[in-house]
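K.L.:
Read off the chains here:
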Amino acid sequence: MTTLDFTPAPGAAPAASRVVRHGLMEARLLVRNGEQLLLALIIPLGILVVGRFAGGRLGAFGELAPSVLALAVWSSGFTSVAISTGFERRYGVLERLAATPLGRSGLLAGKSVALVVIIIDQLAILGLVAAALGWRPAYTLFSALVAIALVILATATFASLALLLAGRLRAEATLGLANLIYVVLLAGGALVIPLARYPAAVRPVVELLPTAALGEGLRAAAAGQVLGWPLLVLTAWLLVAALGAWKGFRWTS
Amino acid sequence: MPASDAYALVVDHLTARYGSRTVLDGLSLRAERALLTAVLGPNGAGKTTLVRCCTGLLKPAAGTVSVLGEGPGSKHLASRVGLMPQSTGAWSGVRARELLRYLAGLYAHPIDVDALISRFGIAAYAKTAYRRLSGGQQQAVNLAAALVGRPELVFLDEPTAGLDPRARRSTWDLLRELRTAGVSVVLTTHAMDEAAELADQVYIVDRGVVTAAGTVPELTSDGRDLESVYLANTYPPGGRGGVVPPGASTAPGGRGGVVPPGASTASAGP
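Protein chains in written order, with this note's numbering: chain A, 1 to 253; chain B, 1 to 270.
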């Protein structure tokens with residue numbers, strides 16, 4: 001048996017190194033997880049390809065491509081974060097890591113790093129595939145900047161909602177509910193299907209959803225237009241969701 | 001050395017609640033530096049809650065906790081303390097070596113991961129996903145993970161639960177090594193033989209309070225074995241409503257060897 005020197009020599013690695021290390025760890029685990037990969041890439045790619053060759057049944061390809069980018073943000077920002085965090089809480093990962101020099105704030109910062117890495121990769125892959133399939137967006141500098149702002153706001157909003165869900169419910173309940181909400185808002189949240197195609201009676205309600213704000217905002221930006229209301233809707237959701245997550249999150253199960 | 005510096009952990013009249021349920025009700029104990037302190041108690045006694053208060057994960061409703069002379073939860077303190085939680089404490093898809101390398105990277109002077117893997121016999125399954133490991137293998141990885149940062153104090157929450165006899169003995173040897181190296185160990189368990197074999201100081205906890213404390217020789221000085229003392233100082237599940245009031249001098253068994261909570265724990269050390 002190997003003998004080891006256990007003499008105490010405590011000390012923390014530099015803060016930035018801890019956060020980056022955690023972010024890369026989470027990103028690696030997510031890429032290795034088949035179900036998460038299905039949500040993050042396979043389903044959006046499938047919709048993109050089917051939409052391209054389905055003769056416009058899913059809408060014009062120029063509208064569908066930014067819709068699929070919005071879907072990617074939705075799946076990674078909300079569903080993946082909710083499910084992974086729910087099981088981290090259940091398995092005691094959060095409890096262990098909160099007691100390391102990473103700490104709770106480092107853990108959240110590391111999760112953000114992982115999310116940014118994943119979403120940038122997703123958007124790059126999906127954007128390139130869409131371009132290869134014939135997507136020719138008409139971004140202006142301003143509309144592109146607004147699109148980036150929308151993605152950042154939406155990611156933060158979805159992740160806050162995910163943490164609220166994962167921090168309150170059991171892991172299995174989080175898994176079921178996160179998938180259900182994912183499908184319901186994918187189909188009925190003006191994320192992929194433009195708001196104009198919804199019945200007039202439900203539009204005032206649907207356009208208050210964060211998914212509608214992201215979808216409509218990204219579609220408009222890709223057409224070179226800028227909408228103000230999606231920024232407002234997402235900002236309001238972010239404030240409420242972040243406050244809820246801050247107050248309601250529980251680190252242990 | 002000032003008296004306060006002699007202790008790695010000082011818990012004073014600690015009360016903790018989950019909602020309206022009181023889990024710790026004025027619990028007091030002390031763990032001396034470089035010694036092994038065992039916290040014995042049945043399921044639901046409050047052992048894990050105590051550890052959570054000590055690591056800053058749970059904010060007490062009342063009372064104080066001093067860990068290595070600091071309040072729980074600070075970044076500086078986190079680098080000085082190791083934790084092996086009772087639950088698995090690892091991602092289901094992470095590989096053993098990957099987890100240990102990741103955790104080592106959070107510390108300034110970690111133990112060499114390959115040496116740690118060799119010491120704990122992890123090499124054979126170092127590349128296996130955590131969810132595919134046996135219970136004993138998971139425990140070995142969790143224990144290694146608690147020690148990788150070279151802590152001064154380590155909290156081990158039932159580290160031998162579910163282990164086979166050989167693995168338990170191996171873990172006991174390791175705990176002795178830690179103590180020899182100067183690491184303070186706080187061990188929660190409901191294994192009497194483990195406490196009898198290893199502990200420098202024992203606290204028996206039931207329903208959120210310390211019902212007996214002392215060294216094993218002190219607790220068994222009337223000829224009873226530790227298990228008898230434990231049974232005399234804990235209630236059977238559902239056998240009694242409410243918690244033992246802080247400061248109560250009558251334990252369930254009502255026999256000698258009982259130290260009132262917070263009274264003589266400091267003087268009962270070895």
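Hints in this document: simulated from the structure, not taken from any laboratory.
Treat the hints with caution; some may be incorrect.
[Unchecked claim] Dumping the calculated DSSO-like pairs for lysine-lysine here, alpha-carbon to alpha-carbon at most 30 Å:
hint: 1; chain 1: B; residue 1: Lys59; chain 2: B; residue 2: Lys75
hint: 2; chain 1: A; residue 1: Lys247; chain 2: B; residue 2: Lys127
hint: 3; chain 1: A; residue 1: Lys247; chain 2: B; residue 2: Lys59
All values reported here derive from a predicted model rather than from experimental measurement.
K.L.:
Just to be careful, I want the Cα atoms of Lys59/B and Lys75/B compared with a cutoff of 30 Å; is the pair within it?
P.N.:
16 Å, holds
K.L.:
Take a quick look at whether Lys247/A and Lys59/B sit within 30 Å of each other, Cα to Cα.
P.N.:
14 Å, holds
K.L.:
Are Lys247/A and Lys127/B close enough, with their CA atoms no more than 30 Å apart?
P.N.:
38 Å, violated
When each numbered hint is compared with the structure, a violation occurs for hint 2 only.
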